[in-house]
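Starting from the known structure of chain A, fit chain B onto it as the hints suggest.
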Amino acid sequence: KAGVTQTPRYLIKTRGQQVTLSCSPISGHRSVSWYQQTPGQGLQFLFEYFSETQRNKGNFPGRFSGRQFSNSRSEMNVSTLELGDSALYLCASSLVGGGNQPQHFGDGTRLSIL
Amino acid sequence: AQSVSQHNHHVILSEAASLELGCNYSYGGTVNLFWYVQYPGQHLQLLLKYFSGDPLVKGIKGFEAEFIKSKFSFNLRKPSVQWSDTAEYFCAVNSGANNLFFGTGTRLTVIP
Numbered sequence: 001k002a003g004v005t006q007t008p009r010y011l012i013k014t015r016g017q018q019v020t021l022s023c024s025p026i027s028g029h030r031s032v033s034w035y036q037q038t039p040g041q042g043l044q045f046l047f048e049y050f051s052e053t054q055r056n057k058g059n060f061p062g063r064f065s066g067r068q069f070s071n072s073r074s075e076m077n078v079s080t081l082e083l084g085d086s087a088l089y090l091c092a093s094s095l096v097g098g099g100n101q102p103q104h105f106g107d108g109t110r111l112s113i114l
Numbered sequence: 001a002q003s004v005s006q007h008n009h010h011v012i013l014s015e016a017a018s019l020e021l022g023c024n025y026s027y028g029g030t031v032n033l034f035w036y037v038q039y040p041g042q043h044l045q046l047l048l049k050y051f052s053g054d055p056l057v058k059g060i061k062g063f064e065a066e067f068i069k070s071k072f073s074f075n076l077r078k079p080s081v082q083w084s085d086t087a088e089y090f091c092a093v094n095s096g097a098n099n100l101f102f103g104t105g106t107r108l109t110v111i112p
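Protein chains in written order, with the numbering used here: chain A, 1 to 114; chain B, 1 to 112.
The shape of chain A in the complex, shown without the other chains (with noise of 0.2 angstroms):
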């Protein structure tokens, strides 16, 4: 069974771009949570969705946003991209929603910002 795919894996951009990550969970997974993770903050919730709908969301601004298809690949988006944003961003799935079922992580999108 193939895992949780990011793309790209690298990316690089300059101040006040936007950026577009995608990742495509483990067939039949139907939740999706993205994370952020740098050396200063560690791993970060951004949000999570299950069916189309956005369900949990952490606690960062509104320039970052997703969404997710019918097919449950999810798309996360970063508007105005700040030097802070650069980062590894993760995402993970699980079978259906509910904080009892374990998540399984990608490999991850390593963004830079120049």
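Mixed in with the good hints there might be a few duds.
Stated by the list, open to error - Which bits of chain A does chain B cover? Going by a derived footprint, with three or more residues having C-beta under 8 angstroms, they are:
#, stretch
1, 41-55
2, 98-104
To be verified - Label pairs and their computed distance ranges (CB to CB):
#, chain 1, residue 1, chain 2, residue 2, range
3, A, S112, B, G41, 35 to 41 angstroms
4, A, N100, B, K61, 18 to 24 angstroms
5, A, G3, B, K61, 17 to 23 angstroms
6, A, G16, B, Q82, 46 to 52 angstroms
7, A, T20, B, R107, 37 to 43 angstroms
8, A, G98, B, P112, 22 to 28 angstroms
9, B, K61, A, V96, 25 to 31 angstroms
10, B, A16, A, S86, 35 to 41 angstroms
11, B, P79, A, R110, 31 to 37 angstroms
12, B, S80, A, P8, 27 to 33 angstroms
13, B, A16, A, P8, 26 to 32 angstroms
14, B, Q82, A, R30, 34 to 40 angstroms
Worth flagging that the hints you see were computed from the coordinates, not collected in a lab.
Since this is a predicted model, take the numbers as computed values, not measurements.
Glycine is no exception: its CB is placed at the ideal position from the N, C-alpha and C atoms.
Relative to chain A, chain B alone:
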């Protein structure tokens, strides 16, 4: 808001030594607890999880963790570490929703 504390930032052990990594969380309600491991160059992988029932849970690769509700702790243990256990270990918690709160991680280095 929930938070997770991992007391050890970097632990260095010799092979065959015993391991215990501390994890404390702050949340008064029902929680689900996880330990994830990240081997060098690999993605986060689930080591073990606790949802309910027996507070001593066993995971992959000989790891186990004990949930002590009165201490808000979920410490990870392994009786005898191997060089291949060198990795970063993350404790995480949620309270029924799919948003995990992670600790800052503990880097384990095992010396052959």
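Do the hints match the structure? See the list:
For the stretch 41-55 of chain A, the proposed coverage by chain B is satisfied: 7 residues have a C-beta within less than 8 angstroms of a C-beta in that chain, meeting the threshold of three. Look at the stretch 98-104 of chain A against chain B: 7 of its residues bring a Cβ nearer than 8 angstroms to a Cβ of that chain, three or more, so the hint holds. Between S112/A and G41/B the CB atoms are about 18 angstroms apart, so this pair departs from the stated range of 35 to 41 angstroms. Checked against the hint of 18 to 24 angstroms, the C-beta distance between N100/A and K61/B comes to roughly 22 angstroms, which is consistent with it.
Restraint check, G3/A to K61/B: a C-beta distance of roughly 18 angstroms satisfies the suggested window 17 to 23 angstroms. The beta-carbon spacing between G16/A and Q82/B, approximately 48 angstroms, falls within the hinted interval of 46 to 52 angstroms. Checked against the given bound of 37 to 43 angstroms, the beta carbons of T20/A and R107/B, roughly 32 angstroms apart, lie outside it. One distance hint, 22 to 28 angstroms for the beta-carbon pair G98/A and P112/B, is violated here, with the actual separation near 42 angstroms.
Judged by the Cβ atoms, the range 25 to 31 angstroms given for K61/B and V96/A holds: they are separated by roughly 27 angstroms. The hinted range of 35 to 41 angstroms is satisfied by A16/B and S86/A, whose Cβ atoms lie roughly 40 angstroms apart. P79/B and R110/A have their C-beta atoms about 36 angstroms apart, which keeps the hinted 31 to 37 angstroms range intact. Checking the proposed 27 to 33 angstroms range against S80/B and P8/A shows it is violated: the Cβ atoms sit about 41 angstroms from each other.
Here the CB-CB span from A16/B to P8/A is close to 42 angstroms, at odds with the stated 26 to 32 angstroms. At about 37 angstroms, the beta-carbon gap between Q82/B and R30/A stays in the expected band of 34 to 40 angstroms.
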